[in-house]
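Trainee: The listed protein sequences derive, respectively, from chains A and B.
For the first sequence, my numbering begins at -9 and goes up steadily by one.
For the second sequence, my numbering begins at -9 and goes up steadily by one.
Some hints here could point you the wrong way.
Identical chains blur together in the list; that is why a pair holds if it fits in one copy or across any two.
Unchecked claim - Dumping the calculated BS3-like pairs for lysine-lysine here, alpha-carbon to alpha-carbon at most 30 angstroms:
| id | residue 1 | residue 2 |
| --- | --- | --- |
| 1 | K40 | K170 |
| 2 | K66 | K119 |
| 3 | K138 | K66 |
| 4 | K170 | K138 |
| 5 | K66 | K141 |
| 6 | K170 | K137 |
| 7 | K40 | K138 |
| 8 | K48 | K66 |
| 9 | K48 | K187 |
| 10 | K141 | K48 |
| 11 | K66 | K137 |
Rather than coming from a laboratory, the hints here were simulated on the basis of the structure.
Fair warning: this is a prediction, and the values are worked out from it, not measured in the lab.
2 protein chains.
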Amino acid sequence: MKPPNKARPLPDQISELTTNRLSIYLRCLAELDVAGVETISSQGLAEQFKLNAAQIRKDLAYFGEFGVRGVGYFVKDLRRNLRQILGLDRNLRVAIMGAGNLGMALADYPGFRQEGFEIVALFDVLNEKVGHLSRGGVNIYDVRQLKKVVKTDRISIAVVAVPVSAAEHVVRQVVAAGVKAILNFSPGPLAVPPGVKLKSVDLTQSLESLSFFLAREGADS
Amino acid sequence: MKPPNKARPLPDQISELTTNRLSIYLRCLAELDVAGVETISSQGLAEQFKLNAAQIRKDLAYFGEFGVRGVGYFVKDLRRNLRQILGLDRNLRVAIMGAGNLGMALADYPGFRQEGFEIVALFDVLNEKVGHLSRGGVNIYDVRQLKKVVKTDRISIAVVAVPVSAAEHVVRQVVAAGVKAILNFSPGPLAVPPGVKLKSVDLTQSLESLSFFLAREGADS
Chain A
-9 MKPPNKARPL
1 PDQISELTTN
11 RLSIYLRCLA
21 ELDVAGVETI
31 SSQGLAEQFK
41 LNAAQIRKDL
51 AYFGEFGVRG
61 VGYFVKDLRR
71 NLRQILGLDR
81 NLRVAIMGAG
91 NLGMALADYP
101 GFRQEGFEIV
111 ALFDVLNEKV
121 GHLSRGGVNI
131 YDVRQLKKVV
141 KTDRISIAVV
151 AVPVSAAEHV
161 VRQVVAAGVK
171 AILNFSPGPL
181 AVPPGVKLKS
191 VDLTQSLESL
201 SFFLAREGAD
211 S
Chain B
-9 MKPPNKARPL
1 PDQISELTTN
11 RLSIYLRCLA
21 ELDVAGVETI
31 SSQGLAEQFK
41 LNAAQIRKDL
51 AYFGEFGVRG
61 VGYFVKDLRR
71 NLRQILGLDR
81 NLRVAIMGAG
91 NLGMALADYP
101 GFRQEGFEIV
111 ALFDVLNEKV
121 GHLSRGGVNI
131 YDVRQLKKVV
141 KTDRISIAVV
151 AVPVSAAEHV
161 VRQVVAAGVK
171 AILNFSPGPL
181 AVPPGVKLKS
191 VDLTQSLESL
201 SFFLAREGAD
211 S
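Using the sequences provided together with the hints, build the complete structure.
Mentor: Written as C-alpha cells, this is what we have:
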C-alpha cells in the first residue's frame, strides 16, 4: 500500500509517527547546518543521530526526491523543505488556554519560538490573572474575549492547559472560536468534531516507559 | 525476528513504541473496568478505542498468553498484568528538578498519582523557593540535598524541568545521586552514561504534527 513517489498522499495517510520522525530529522539537520555541514547521506544521518537510514529514505520519499545520487542530501535545502512540509514556514500563532503553572510554563517554553511558533495569548477565567503578562511578555486575556482575539490575532492552534474538570468545556469554547488544531495536556479522553485535530500529550505515558525500563533492569540484576 | 512466546526479551528489544501502546491499552482497560466490563476481545478493544487488533495481540504476545479462546481478555486480569509489566505495581517515587512554572505544574499533575507515581520532592537552587511547598504539598528542597533525599526517600525517577542552560549540569547531578531513569523536558540533546535511561519529552514535536495537519488542510481547501 505504498503510495507512488509523485502522488501526494492525503493527510490521513501520513501517520503521526511519520511526522514525529520528520520533526526529529529537522532537529538533526538544524544541528548539521549550524555546524557548517553542507551535504549528508541518509547513512551518515542515521549513524550520527542513531536513526534508521532505510526509514529516513522511505519517510522522505513520501514528499519528493530530495537526495542526489553520490552526494546525499543538501543540508540547507532539505531543512527548508522539511520546514515547508511541516508547515513551519508560516509562523503559526498559538493561544494557551489556562494561565496556571502549566500554561505559564508553556507560554515561555523556549523550544516553541525556536521552531517558528508564536505564543500570542494566554486565556484564563480568573479576574486576578487577566491583564497580567507571562515572564516572557505574553498577555493574559479573559476567556470571554477568546473568539475576538482568535480572529484579530489569527490564532490557529490552541494549547489546553486547564484542570481536567474544565478541559471538555474549554475544548468546546476553542472549537466554537474557530480553532482547527488543539494540543491538549489534560489527562482523559476528549472529543472534537470532524475537521478539528486534537493531539493529546500524555505525560504519564513517558513516565510509564521509564517505569518499564526500571522494572526490567531490576529483573535482570 | 519475532521472539518466542515464552522467552522474555531483553528491555532493549521492546521498543518505546511498544511500551507507549501498552500504556494506551492500560488506559482503555481502566475505562472498561470502571464501566463494569468483564471481558473483551482484541477486536472489541480495537473497535471501541480505534486501535489495531492484530497489533494488540502481537504486543501482548511478547509478555505471555493473556487471551482465552472464545472469551477474549479478562479486563481486570489484563489490567493487573499490564500494570505489572510496566512496573506500576511498585509505586515509583519521583523527584522533580526545578521548581519553576513547569516543575510546579508537573508536581501537581493529576495523571501521575493516578497511575501510581508519587512525586515526593522538588529541587531548586533558589533560596527563596527552598522550604516552600507546591499547591499539592510537595516539599521544595535545596539541590545540595539531592543525594541525601534520593537515598532516604528512595527516589527512582527524576524529572528535569530546569532552563536549557542548566539541564546538562542537573542531569549530571541526578546521575551522580544514583538515579537511573530521567524524564527530560528541556529542548536539546543530553547525554547519560550506560545503565541510565533518559527520555526526552519534545513539546515542540507535538505542535509540529498539528502544524503539518494545518498545512495539509490548507492545501486541500
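Trainee: Indicate, hint by hint, whether the structure satisfies it.
Mentor: Right, here's what the structure says about each hint:
no.: 1; hint: K40 - K170; result: between (35 angstroms within a copy, 21 angstroms between copies)
no.: 2; hint: K66 - K119; result: neither (43 angstroms within a copy, 44 angstroms between copies)
no.: 3; hint: K138 - K66; result: neither (39 angstroms within a copy, 48 angstroms between copies)
no.: 4; hint: K170 - K138; result: within (16 angstroms within a copy, 48 angstroms between copies)
no.: 5; hint: K66 - K141; result: neither (34 angstroms within a copy, 48 angstroms between copies)
no.: 6; hint: K170 - K137; result: within (13 angstroms within a copy, 47 angstroms between copies)
no.: 7; hint: K40 - K138; result: neither (46 angstroms within a copy, 35 angstroms between copies)
no.: 8; hint: K48 - K66; result: within (20 angstroms within a copy, 41 angstroms between copies)
no.: 9; hint: K48 - K187; result: both (25 angstroms within a copy, 29 angstroms between copies)
no.: 10; hint: K141 - K48; result: neither (39 angstroms within a copy, 47 angstroms between copies)
no.: 11; hint: K66 - K137; result: neither (39 angstroms within a copy, 44 angstroms between copies)
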